[in-house]
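Protein chains: 8
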Amino acid sequence: ERIGLDEAVFCAGKGPAQISAILSLAAERGRGLLLTRLDADGLAQLPPDQARALDYCVMSRTAFFGPLRPVTSRGRVAIVAAGTSDAVVAREAERTLRHAGIEASLILDVGVAGLWRLLERIDEILRFPVVIAVAGMDAAIASVLGGLLRGTIICVPTSVGYGAAEAGRTALNAMLSSCAPGLLTCNIDSGYGAACAAIRILNSFPDAQQDPSRGS
Amino acid sequence: ERIGLDEAVFCAGKGPAQISAILSLAAERGRGLLLTRLDADGLAQLPPDQARALDYCVMSRTAFFGPLRPVTSRGRVAIVAAGTSDAVVAREAERTLRHAGIEASLILDVGVAGLWRLLERIDEILRFPVVIAVAGMDAAIASVLGGLLRGTIICVPTSVGYGAAEAGRTALNAMLSSCAPGLLTCNIDSGYGAACAAIRILNSFPDAQQDPSRGS
Amino acid sequence: ERIGLDEAVFCAGKGPAQISAILSLAAERGRGLLLTRLDADGLAQLPPDQARALDYCVMSRTAFFGPLRPVTSRGRVAIVAAGTSDAVVAREAERTLRHAGIEASLILDVGVAGLWRLLERIDEILRFPVVIAVAGMDAAIASVLGGLLRGTIICVPTSVGYGAAEAGRTALNAMLSSCAPGLLTCNIDSGYGAACAAIRILNSFPDAQQDPSRGS
Amino acid sequence: ERIGLDEAVFCAGKGPAQISAILSLAAERGRGLLLTRLDADGLAQLPPDQARALDYCVMSRTAFFGPLRPVTSRGRVAIVAAGTSDAVVAREAERTLRHAGIEASLILDVGVAGLWRLLERIDEILRFPVVIAVAGMDAAIASVLGGLLRGTIICVPTSVGYGAAEAGRTALNAMLSSCAPGLLTCNIDSGYGAACAAIRILNSFPDAQQDPSRGS
Amino acid sequence: ERIGLDEAVFCAGKGPAQISAILSLAAERGRGLLLTRLDADGLAQLPPDQARALDYCVMSRTAFFGPLRPVTSRGRVAIVAAGTSDAVVAREAERTLRHAGIEASLILDVGVAGLWRLLERIDEILRFPVVIAVAGMDAAIASVLGGLLRGTIICVPTSVGYGAAEAGRTALNAMLSSCAPGLLTCNIDSGYGAACAAIRILNSFPDAQQDPSRGS
Amino acid sequence: ERIGLDEAVFCAGKGPAQISAILSLAAERGRGLLLTRLDADGLAQLPPDQARALDYCVMSRTAFFGPLRPVTSRGRVAIVAAGTSDAVVAREAERTLRHAGIEASLILDVGVAGLWRLLERIDEILRFPVVIAVAGMDAAIASVLGGLLRGTIICVPTSVGYGAAEAGRTALNAMLSSCAPGLLTCNIDSGYGAACAAIRILNSFPDAQQDPSRGS
Amino acid sequence: ERIGLDEAVFCAGKGPAQISAILSLAAERGRGLLLTRLDADGLAQLPPDQARALDYCVMSRTAFFGPLRPVTSRGRVAIVAAGTSDAVVAREAERTLRHAGIEASLILDVGVAGLWRLLERIDEILRFPVVIAVAGMDAAIASVLGGLLRGTIICVPTSVGYGAAEAGRTALNAMLSSCAPGLLTCNIDSGYGAACAAIRILNSFPDAQQDPSRGS
Amino acid sequence: ERIGLDEAVFCAGKGPAQISAILSLAAERGRGLLLTRLDADGLAQLPPDQARALDYCVMSRTAFFGPLRPVTSRGRVAIVAAGTSDAVVAREAERTLRHAGIEASLILDVGVAGLWRLLERIDEILRFPVVIAVAGMDAAIASVLGGLLRGTIICVPTSVGYGAAEAGRTALNAMLSSCAPGLLTCNIDSGYGAACAAIRILNSFPDAQQDPSRGS
Ligand SMILES: Nc1ncnc2c1ncn2[C@@H]1O[C@H](COP(=O)(O)O)[C@@H](O)[C@H]1O
Ligand SMILES: Nc1ncnc2c1ncn2[C@@H]1O[C@H](COP(=O)(O)O)[C@@H](O)[C@H]1O
Ligand SMILES: Nc1ncnc2c1ncn2[C@@H]1O[C@H](COP(=O)(O)O)[C@@H](O)[C@H]1O
Ligand SMILES: Nc1ncnc2c1ncn2[C@@H]1O[C@H](COP(=O)(O)O)[C@@H](O)[C@H]1O
Ligand SMILES: [Mg+2]
Ligand SMILES: [Mg+2]
Ligand SMILES: [Mg+2]
Ligand SMILES: [Mg+2]
Ligand SMILES: [Mg+2]
Ligand SMILES: [Mg+2]
Ligand SMILES: [Mg+2]
Ligand SMILES: [Mg+2]
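Chains as they are written, first to last, in our numbering: chain B, 12 to 227; chain X, 12 to 227; chain C, 12 to 227; chain U, 12 to 227; chain G, 12 to 227; chain V, 12 to 227; chain E, 12 to 227; chain P, 12 to 227.
Each hint should be verified, as a subset may be incorrect.
Cβ pair distances, simulated, as ranges [to be verified]:
| id | chain 1 | residue 1 | chain 2 | residue 2 | range |
| --- | --- | --- | --- | --- | --- |
| 1 | P | Arg161 | E | Pro59 | 41 to 49 Å |
| 2 | E | Gly26 | G | Trp127 | 36 to 44 Å |
| 3 | G | Glu135 | U | Asp66 | 37 to 45 Å |
| 4 | V | Arg42 | G | Asp218 | 47 to 55 Å |
| 5 | B | Ala23 | G | Gly77 | 54 to 62 Å |
| 6 | P | Arg161 | U | Arg138 | 52 to 60 Å |
| 7 | P | Ala28 | E | Arg128 | 52 to 60 Å |
Pairs of lysine-lysine, BS3-like flavour, derived with a Cα cap of 27 Å [to be verified]:
| id | chain 1 | residue 1 | chain 2 | residue 2 |
| --- | --- | --- | --- | --- |
| 8 | P | Lys25 | U | Lys25 |
| 9 | X | Lys25 | U | Lys25 |
| 10 | V | Lys25 | P | Lys25 |
| 11 | E | Lys25 | G | Lys25 |
| 12 | E | Lys25 | C | Lys25 |
| 13 | G | Lys25 | B | Lys25 |
| 14 | X | Lys25 | V | Lys25 |
| 15 | B | Lys25 | C | Lys25 |
Some chain E residues close to chain P (C-beta under 8 Å, calculated; not the full set) [to be verified]:
| id | residue |
| --- | --- |
| 16 | Pro58 |
| 17 | Gly94 |
| 18 | Ala98 |
Quick caveat, the hints were computed from the structure, so don't treat them as lab data.
Being a predicted model, the structure only gives us computed values, none of them experimental.
Each residue gets a CB set at the ideal place from its N, CA and C atoms; glycine is no exception.
Could you put the whole structure together from the sequences, leaning on the hints where they help?
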């Protein structure tokens with residue numbers, strides 16, 4: 012937290028007792044927490060009162076615990092996702108941003124296999140200084156956006172796909188070696204990491220956090 | 012040749028003596044030959060009269076030897092290449108097709124980092140029943156074409172790029188796992204292979220080899 | 012669908028609620044759908060009336076939903092599979108073609124470990140302009156067919172095998188680097204992709220879709 | 012250039028004739044150019060008058076051609092490099108930024124094997140909103156910076172090292188899976204890519220381009 | 012045991028009957044045993060009296076069976092772990108050392124994302140001649156320790172993390188190619204192997220096994 | 012030599028001084044030697060009298076030094092190679108066998124892309140109890156032979172090919188995971204290793220070394 | 012079976028209905044069958060009378076169905092396994108050989124971590140013309156045997172181990188690149204493949220199948 | 012140097028001007044230096060007086076510059092190398108140790124393909140508390156030593172070999188996953204790293220640095 016990023020609990024691989032203890036400690040200290048990779052099973056195994064205290068999102072497998080920070084930034088970050096299955100990762104990014112007080116806009120299902128769907132929404136996307144592009148398999152949407160946008164593009168490869176998709180490695184490599192210059196890349200499936208990067212960028216330019224045309 | 016594909020000599024890794032002997036044998040038998048991967052050095056080391064007898068193309072590193080088949084098919088195959096360096100592979104495909112009597116159209120430097128360049132020429136591309144798409148690095152152009160064309164798309168990944176481009180492996184995997192369905196893929200840098208595949212497809216539909224609107 | 016390929020729903024990783032919603036929407040719009048990678052468990056979890064409405068094939072894990080297009084093309088595509096376990100992928104290709112109105116012929120269990128079984132049927136295979144070759148492990152059948160056929164060969168590597176078969180990567184690489192020129196390759200286990208590629212090829216040559224010698 | 016990034020010529024793999032032609036064309040159009048990956052040999056093979064016209068930097072293997080944009084941004088970007096050999100990549104980033112009118116500060120040889128060297132300069136680094144971290148092998152400096160800085164961190168893995176360094180793949184993966192959240196990563200050895208990403212970020216926040224405390 | 016290392020039973024992949032037989036045999040011979048990778052399920056399936064006879068540690072999944080050797084060495088080995096999930100592997104090392112009569116000190120949760128936590132404890136760590144460093148993902152802590160300590164550093168990469176962490180391969184490679192010289196590395200997740208290596212080192216210098224300042 | 016295999020000198024990576032010293036030592040002891048991977052350059056750098064004393068084969072890059080063992084086994088081993096470039100490795104096997112007194116038969120250029128060439132010679136091949144199959148890229152010939160022969164098949168993958176051939180890894184994996192059971196495999200390009208394996212097999216059955224139908 | 016190897020059914024990935032149908036067909040034809048990779052669960056799901064008719068071995072997961080060939084070869088093949096977990100693969104080889112009428116000798120638990128255990132039994136091993144060496148992880152036993160035996164050595168890498176053992180890939184590569192010449196290698200975990208290779212070798216030398224010193 | 016390890020200059024990739032400048036600086040400061048990876052060409056390009064001032068070892072490609080520390084430790088470290096080509100790496104370790112005042116014993120050419128050569132010298136090896144094992148390809152000697160020695164074993168994999176040796180990756184993995192417990196591993200070809208690790212271990216036990224039975 013010293014560096015302006017909230018503490019987050021990565022729940023994959025943690026048992027219910029471990030998570031419950033972390034929640035109790037945070038409650039004692041009056042601290043809010045973000046939980047990621049908490050699946051429905053994991054939620055069901057928590058003590059009922061703790062489970063009820065969580066603001067849980069089944070799609071992104073994230074939860075907010077304790078007092079939630081108000082929204083202090085709007086209109087700065089768009090999250091663009093290529094395919095249906097990429098939406099899970101897109102929502103993890105959205106929720107991590109929301110926990111930090113940043114409201115992001117989601118633009119889903121605009122993969123390049125239907126290029127016109129993306130082009131129909133490109134003017135809308137162009138208005139955001141920071142765009143998070145989420146895509147698996149060929150990740151072609153990242154390069155297409157890179158050729159159309161002047162602003163910051165944070166890429167998140169996803170593990171969607173099979174065979175030559177290599178569990179996200181192909182999307183990752185395609186984003187890293189994109190023919191469009193200046194793309195930035197996060198770890199596979201790391202909606203959380205992309206959101207933290209966006210927070211760092213907004214932290215870098217504190218005067219620019221608010222979009223006046225959108226109100227607070 | 013039994014299967015309708017001319018014999019081709021892959022010169023990489025063959026010494027001048029070996030290539031010279033192959034040419035002599037072909038000359039004796041009165042047979043035409045296609046040579047691929049013959050670089051300028053290799054050409055210079057051949058016996059001068061044999062070198063002079065070659066119709067050599069420095070860019071594609073290919074040569075025609077002996078009698079050249081007339082053009083019997085036009086307007087059936089377009090070759091689309093993303094970047095400057097991909098043109099080498101594109102020309103290998105073009106020359107292989109020409110050796111088989113097929114005239115192909117080259118459409119170069121239309122990578123998706125400048126999407127408008129590709130979109131400006133898309134109507135032209137749409138007229139060809141068979142399109143060979145040549146691209147390295149992210150190979151995003153293959154997916155974009157896949158979303159815009161109804162017809163056959165033969166993809167050739169190239170080893171252009173560095174680092175995460177992994178000598179063509181990333182482009183190959185991106186083409187194989189493209190979000191656009193029905194793309195077909197050849198080996199890395201194999202302009203020759205893509206041309207042979209196009210020949211097989213035209214062989215499959217002999218009545219369809221000629222584009223009447225283009226004349227012979 | 013703009014490019015002549017029907018919409019298909021890739022069910023792996025989608026929950027029953029998500030699939031059910033897609034079916035309802037299609038029903039409303041009166042549209043037919045192809046479902047792939049729907050396993051028996053997934054089928055059982057659908058609302059009974061929707062499950063009953065599906066024309067389900069347990070082997071290929073595919074389903075047809077809604078009005079089925081009549082067969083409009085016959086005798087154009089053969090699907091040749093090497094081993095017993097490759098038949099699953101072969102049938103995914105067959106069903107995807109059938110959904111598009113194309114009747115394909117299946118020739119199973121002709122791997123090169125028993126070369127005579129393949130040679131006994133080679134004249135039959137030679138009659139098809141487009142052959143889909145499905146094989147795992149060494150994928151040797153693709154190269155053998157490549158040396159015997161003049162026409163189009165679409166290769167589908169399968170993830171059959173263990174150890175050095177590397178979940179289909181070995182078959183994929185062998186097909187891509189085959190000593191027989193002009194083979195075309197799809198993603199591992201992608202019977203769907205191979206069928207879409209065959210549809211693209213038939214779309215490229217509309218006059219050639221029907222085999223007169225076979226009637227309609 | 013439509014997206015605010017100058018055209019750059021990647022010279023690796025281009026012959027002197029090709030580069031010379033590109034320079035002539037740019038001269039005709041009165042356009043400035045950035046050349047990257049132009050080694051001393053390549054420079055020596057250019058026509059003498061063109062070579063003389065270049066502002067060449069031997070360490071970064073970059074050259075400026077034609078009119079150079081004035082510096083319009085200062086104090087916004089620091090480039091931090093871990094080892095002696097990483098400086099090559101760091102300088103490619105510095106030169107790319109300078110070509111775009113952005114003056115960056117270089118902080119070299121602060122690898123974590125001598126942690127105190129980095130800690131001595133950390134207050135200086137903290138003043139920059141955007142930090143480019145260049146490191147090979149274990150890339151540990153990226154994680155250390157990630158734990159100390161609030162602002163934006165763009166990581167460039169380098170191919171320095173041998174064996175398990177795997178030509179930069181280890182540094183790349185370590186940066187992507189850093190225990191410090193929100194790091195952003197570029198392709199291996201891509202000082203150019205990191206600089207373009209920094210330009211995109213400054214483009215995103217145009218009011219924030221100038222550091223008033225440093226003058227123009 | 013001829014080489015001074017106790018026999019240990021690797022329980023992963025062994026059924027309850029197999030483990031039970033090994034325990035019976037050891038009981039007959041009056042020999043103590045260390046069991047590793049025995050998860051709670053495996054424990055529950057053992058005959059109740061054998062299960063009761065085990066000194067089981069749920070976190071490290073290790074068990075002591077039979078007479079336990081007294082502690083004969085103190086203050087010689089510290090085990091430093093970066094993240095919460097690395098503690099599992101750290102404890103496997105601790106238990107293996109304890110079984111050999113060596114008491115080790117655990118220093119947990121000092122990853123470099125919070126560098127100050129490590130620096131606060133560095134004087135304590137410096138007192139140990141042998142330090143075992145346990146870390147996953149980027150494994151940056153190993154390089155930081157390597158730059159601060161004169162003594163022996165045994166590194167254990169862990170499979171913690173996802174995507175580019177590559178199941179521990181990234182941490183392994185980072186440790187092997189650390190910019191700090193003289194680090195030594197064990198197999199991924201091998202707390203057992205690191206402990207055996209520490210035992211070998213203490214065996215090499217028998218007079219140095221005891222830290223007099225700590226008493227016995 | 013204790014195990015019935017002659018000493019061989021692997022010359023790749025050895026300087027002329029080192030090789031010369033080994034030859035002098037062998038000459039002193041009156042011992043014959045096999046040299047492998049000695050290219051023409053390496054030969055030219057040896058002291059002239061030593062170079063002259065070698066029975067050198069430019070194709071296989073092998074040399075015999077000193078007294079050569081007479082042929083004591085005939086008609087037991089055939090070496091079958093798929094492509095032109097595989098012949099180099101095939102000859103390394105032949106020469107290694109000859110050095111051990113075993114005369115092998117070479118059957119070249121019978122790759123499966125021209126299946127009839129292989130089938131024309133299959134009866135000849137069937138007469139040999141041990142067949143060494145040399146092939147690169149898809150290595151399909153190994154599986155075809157595996158389906159036609161009852162006897163022993165030793166496979167040697169070669170590094171011939173590019174891209175997906177992966178420097179012999181694809182051929183190696185295809186041979187290891189062949190659908191024909193009971194194939195045995197050596198290291199990539201290791202004609203020497205395959206010959207040694209054949210020698211071991213003939214050593215295992217000493218009464219069977221001679222083919223009476225062929226005379227000595 | 013044309014090539015002297017019995018038909019075997021690879022049960023992994025086959026459902027009970029599929030296996031049952033194969034058994035019925037074999038029963039009709041009066042043919043014996045070998046089943047491999049049939050785990051206890053798979054056995055339990057077969058029709059009870061078919062399950063009872065199987066001669067099942069739980070350790071190797073193999074079953075004999077129908078009339079079993081008498082033993083016609085003894086004392087020709089030894090199977091040497093390094094570790095406890097390698098025994099599973101060793102027994103698959105033993106059972107496959109037995110099904111073909113060949114009695115093999117098993118020598119288990121002689122890994123090089125306890126070199127003396129191997130050396131104690133080396134004279135016994137030396138008596139067999141064909142030795143199958145089964146080992147995972149480092150596979151060092153293969154090289155040690157290679158340095159001690161004159162005869163044929165068939166290596167089977169196993170997927171035993173974790174981390175850097177890479178699911179058998181390390182053992183495979185170590186066997187292929189052994190410093191002992193003439194080792195032959197099969198696919199990972201393929202006890203079946205090793206046995207088929209041994210059968211091929213014995214088929215190659217029919218007069219040598221019987222060890223007279225051991226009787227029939 | 013703060014951590015007790017001398018500064019070393021890694022010369023691969025550094026030009027003569029760069030190396031010369033480093034030497035001049037060290038001369039000014041009166042500091043001794045170790046140079047590694049300085050090949051004969053690099054040496055020849057240095058200013059003659061600087062080249063003459065170096066104590067150069069052509070085999071290990073190392074040089075000592077300036078005052079050399081006296082030998083203060085003897086009989087503590089043995090370096091054991093498997094093959095002829097591994098000796099290069101073994102000598103890099105020996106020279107690095109010598110530069111630090113530690114005299115090591117070299118035991119060369121004792122690979123397991125000739126197990127008796129190693130066993131003949133095992134009693135000698137057993138006398139050293141720290142053994143550095145250098146081996147490529149299968150690296151089997153590391154496991155054999157691991158089973159015979161109680162003391163510390165530092166493994167250095169080498170890039171010797173081809174094909175499946177994978178430039179040292181196989182040896183590295185085999186050492187990491189050895190069936191002998193407690194082996195410690197360095198980067199591929201890193202004789203320097205192994206020596207630094209040995210220095211760290213001797214630093215950890217300062218009273219144990221001298222072998223009294225060997226004198227000073
Ligand atoms: N979805 C996520 N992906 C990557 N890192 C995460 C994620 N969620 C949390 N983290 C990181 O994991 C840290 C907590 O790890 P742990 O101590 O294991 O719970 C947080 O401070 C974040 O840096
Ligand atoms: N078996 C399959 N293999 C590969 N792609 C498929 C398959 N089935 C459907 N698809 C593709 O996945 C798309 C639908 O993905 P989704 O939106 O996730 O259902 C379809 O339009 C197809 O392009
Ligand atoms: N354990 C095994 N490992 C590898 N191949 C096997 C194994 N068991 C059977 N096979 C092979 O698989 C073939 C049968 O495959 P299938 O038709 O799928 O049952 C047999 O003829 C064998 O060649
Ligand atoms: N042969 C070597 N292998 C690995 N690292 C080395 C080697 N020689 C020197 N080094 C390391 O490289 C550092 C110097 O790197 P540089 O500043 O690039 O010369 C030294 O302090 C050592 O830590
Ligand atoms: Mg998509
Ligand atoms: Mg491009
Ligand atoms: Mg098969
Ligand atoms: Mg460094
Ligand atoms: Mg951590
Ligand atoms: Mg071939
Ligand atoms: Mg073992
Ligand atoms: Mg060796």
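Review point. That 41 to 49 Å hint for P/Arg161 and E/Pro59 (C-beta), does it hold up?
Key: violated (56 Å)
Check your understanding: Do P/Arg161 and U/Arg138 keep their Cβ atoms within the hinted range of 52 to 60 Å?
Key -> holds (55 Å)
**Study point:** Range hint compliance [Cβ, G/Glu135 to U/Asp66, 37 to 45 Å]
**Key:** With a Cβ separation near 54 Å, G/Glu135 and U/Asp66 fall outside 37 to 45 Å, so the hint is violated.
Exercise for review: For the pair we were handed, X/Lys25 and V/Lys25, check the Cα-Cα distance against 27 Å.
Suggested key: OK: X/Lys25 and V/Lys25 at ~25 Å, within 27 Å.
Check your understanding: Taking 27 Å as the top limit, are the C-alpha atoms of B/Lys25 and C/Lys25 close enough?
Key -> holds (25 Å)
**Study point:** 27 Å Cα cutoff - pair G/Lys25, B/Lys25
**Key:** Roughly 25 Å between the alpha carbons, so the hint for G/Lys25 and B/Lys25 holds.
**Study point:** Satisfaction of the E/Gly94 interface hint, Cβ to chain P closer than 8 Å
**Key:** holds (6 Å)
Review point. Lying within 47 to 55 Å: is that true of the beta-carbon distance V/Arg42 to G/Asp218?
Key: Since the Cβ atoms of V/Arg42 and G/Asp218 sit about 50 Å apart, the hinted range of 47 to 55 Å holds.
Review point. At the C-beta level, are E/Gly26 and G/Trp127 separated by a distance inside 36 to 44 Å?
Key: violated (58 Å)
Check your understanding: Quick one, is the E/Ala98 hint okay against chain P at 8 Å, beta carbons?
Key -> violated (14 Å)
Review point. Keeping to a limit of 27 Å between CA atoms, is the pair of E/Lys25 and C/Lys25 held or broken?
Key: Since the Cα atoms of E/Lys25 and C/Lys25 sit roughly 25 Å apart, the hinted pair holds (cutoff 27 Å).
Exercise for review: Go through the hint on E/Pro58 and say holds or violated, using the shortest Cβ distance to chain P against 8 Å.
Suggested key: For E/Pro58, the interface hint is violated, since the closest Cβ of chain P sits about 43 Å away, which is over 8 Å.
The structure fails hints 1, 2, 3, 5, 16, 18 (numbered hints given earlier, in ascending order).
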